[in-house]
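Visitor: The chain contents come next:
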Amino acid sequence: MWEHRVPKERALEEDHLAKTVTALERIAGRRPVGTRSSHSAALLRQYGFIYRSEGSADQRPYYEYDEGGGNGLVNLPMHYVIDDAMYFNFNWLGTDASAQRITDPERVGDIWWAAFRQQYNVGGYLNVCMHPYQSGRALRIAMLDRLIGRMKTLPGVWFPTCEQVARHCIDRYPPLAPAE
Amino acid sequence: MPWKQGYTISDARSLTDSELRWPDGARCCVAMTVDLSVASGPEGVTAADLATPEALFGANQGLAALREVFRRHAMRATFAAPAIIAHIHRDLLCSLTAEGHEIAAHGFRHEDVSGLERDEERQRIARTTEILADVTGRKPAGWFSLPRQGDRYAVGAVSPNTVDLLLEAGTCISATDWPTTFRIIGSSDFASRRALLTLRYYYHFDDQFFLMFPRKGTGLEHPDALLRNWRGEFAAQYRRGRYFHMTLHPQHIGWSNRLQMLDEFLAELRGYPGLWNPTAAECARYWLETYPASAHLRLAPSIWQDYPGSLS
Chain Z
1 MWEHRVPKER ALEEDHLAKT VTALERIAGR RPVGTRSSHS AALLRQYGFI
51 YRSEGSADQR PYYEYDEGGG NGLVNLPMHY VIDDAMYFNF NWLGTDASAQ
101 RITDPERVGD IWWAAFRQQY NVGGYLNVCM HPYQSGRALR IAMLDRLIGR
151 MKTLPGVWFP TCEQVARHCI DRYPPLAPAE
Chain B
1 MPWKQGYTIS DARSLTDSEL RWPDGARCCV AMTVDLSVAS GPEGVTAADL
51 ATPEALFGAN QGLAALREVF RRHAMRATFA APAIIAHIHR DLLCSLTAEG
101 HEIAAHGFRH EDVSGLERDE ERQRIARTTE ILADVTGRKP AGWFSLPRQG
151 DRYAVGAVSP NTVDLLLEAG TCISATDWPT TFRIIGSSDF ASRRALLTLR
201 YYYHFDDQFF LMFPRKGTGL EHPDALLRNW RGEFAAQYRR GRYFHMTLHP
251 QHIGWSNRLQ MLDEFLAELR GYPGLWNPTA AECARYWLET YPASAHLRLA
301 PSIWQDYPGS LS
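Residue numbers (the numbering used here), protein chains in the order written: chain Z, 1 to 180; chain B, 1 to 312.
By construction, these hints were calculated from the structure, which means they are not laboratory data.
Heads up, some of the hints might be wrong.
[Claimed, not checked] Footprint (simulated), chain B over chain Z, 3 or more residues, beta carbon under 8 Å:
(1) 14-20
(2) 25-32
(3) 45-55
(4) 91-101
[Unchecked claim] The calculated lysine to aspartate or glutamate pairs, modelled on EDC-like cross-linking and capped at a C-alpha distance of 20 Å, are:
(5) 216(B) <-> 96(Z)
(6) 152(Z) <-> 110(Z)
(7) 8(Z) <-> 96(Z)
(8) 19(Z) <-> 306(B)
[Unchecked claim] For the chain Z half of the interface with chain B, some residues (derived, Cβ under 8 Å), not all of them:
(9) 3
(10) 5
(11) 136
(12) 138
(13) 139
What you are looking at is a predicted structure, and each value in this text was computed from that prediction instead of being measured.
Glycine included, C-beta positions come from ideal geometry on N, C-alpha and C.
For reference, chain Z alone in the conformation it holds in the complex (with noise of 0.2 Å):
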């Protein structure tokens, strides 16, 4: 997103997400194939992504298609819980005292573990989502740390990219609907 927000105006809405393009392309030396963002489908497909992270319908990536069943895009399923903002940002989206997150990392590591080892036994997925100003505190990295650590003490744990997965998932399994 080029705002954090999409506009709901088409043109605007498309010249939002050239200049978003254009800037992470300049940044990474090739364009972006996914996004975080509820931009519409079509577009997203003309300016060349292949996958979404949004939501929670489905526990694993799964196709999303528009109203005429074209412009399949995957999507990578994220969930709050497996979100680091949602138990350490304090004033989070602006929320009243009642509503902050006052977690502590050890307790967070555990909830996301549990997650980890229920995808594992059922040869699933699990997207994570972390923040630098939140995940990046010693205490929290120390955390993380331990938990990829964890991991990696299972056989047969794949750490790729949202773009491996989402290709990964059109190799073996090709939309029922494919791309105009």
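Fit chain B to the given chain Z structure using the hints.
Guide: Using the frame of chain Z, we list chain B on its own:
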């Protein structure tokens, strides 16, 4: 995008773990702040706030018990006092300095200054400094703007003028929830190259957000989460040789189970060799001499730009 505005007006040049040195080869700096404010709203400490059972406990048994725990573990702390508290508890504050603790300013009555006229705020800073200097015999070196329960946005305890006015008044340090070591606030700072040293504060190491938060009677008690945050942060900072800081309130931490928890945590902490436990002013003086802003603060104008079509 208003919620991101002001995030990137300055950048302290980071010191890597291996570059960071503490006095006498100490391994890790451990600093403690005790908040003596009992303000319940933006107007700061009121007569009613001072008369609550909780405030009375804090000023008497709570503070006495906390001091005893500090004494037992040979720990020194910085007590952030609103001027009117210093005025009321004059002898108490003097006895704290006699034990090696430091008294720092916590506003005139820990009021929200975000809407004050510049001159009015200047006068309050001057009056606060004057009262504290009179009570303790020395001018306070630091200005604390710790967040309160009632704050919708905790940085509301400062105004756009606060940093300039503090520098003008000769304050050398400030402690708020500003997240970096050196931090400047306000749009004119890049042009003037003025900076105020900030000692880091973080909600997750402050007792008030875990103990019957947000309101006693309807709040939740999470001492276990507080202890795990302290332990986790201390272990990580000690391993990296950096800085551990916690904030305490006598009315909260001084009470039974919580006091016991602090006692045990400090005993654990004292088991680690090479801790440096300065007051805020000592820490700030060391930092300003060793890592002066002229060499370690790289100021840059805000990277924020306005584009046509922005929704903000």
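Visitor: All the hints need checking, so say for each whether the structure fits it.
Guide: For each hint, the structure was consulted:
1. Against chain B, the segment 14-20 of chain Z contributes 3 residues with a C-beta closer than 8 Å to a partner C-beta. That satisfies the three-residue criterion, and the hint holds.
2. Residues of the segment 25-32 of chain Z lying with their CB closer than 8 Å to a CB of chain B number 0, which falls below the three-residue condition for coverage.
3. Against chain B, the segment 45-55 of chain Z contributes 0 residues with a C-beta closer than 8 Å to a partner C-beta. That does not satisfy the three-residue criterion, and the hint is violated.
4. Residues of the segment 91-101 of chain Z lying with their CB closer than 8 Å to a CB of chain B number 6, which satisfies the three-residue condition for coverage.
5. Taken as a hint, the residue 216(B) and residue 96(Z) pair is honoured in the structure, with Cα atoms around 16 Å apart against an allowance of 20 Å.
6. Note on residue 152(Z) and residue 110(Z): the hinted pairing holds, with a Cα-Cα distance of about 16 Å set against a maximum of 20 Å.
7. Straight-line distance between C-alpha atoms of residue 8(Z) and residue 96(Z) comes to about 29 Å, which puts the hinted pair past the 20 Å bound.
8. Pair hint residue 19(Z) plus residue 306(B) holds up; C-alpha atoms about 13 Å apart against a cutoff of 20 Å.
9. Below 8 Å, beta-carbon pairs count as interface contacts, and residue 3(Z) has one with chain B at about 5 Å; its hint therefore holds.
10. Because the closest C-beta pair between residue 5(Z) and chain B is about 6 Å apart, less than 8 Å, the hint holds.
11. A hinted interface residue such as residue 136(Z) counts as satisfied when its beta carbon comes closer than 8 Å to some beta carbon of chain B; here the least separation is about 11 Å, so the hint is violated.
12. Among the interface hints, the one on residue 138(Z) holds; its C-beta lies about 4 Å from the nearest C-beta in chain B, closer than the 8 Å criterion.
13. At about 4 Å, the closest approach between the beta carbon of residue 139(Z) and any beta carbon in chain B falls short of 8 Å, and the interface hint on this residue holds.
This entry does not satisfy hints 2, 3, 7 and 11, going by the numbered hints stated previously.
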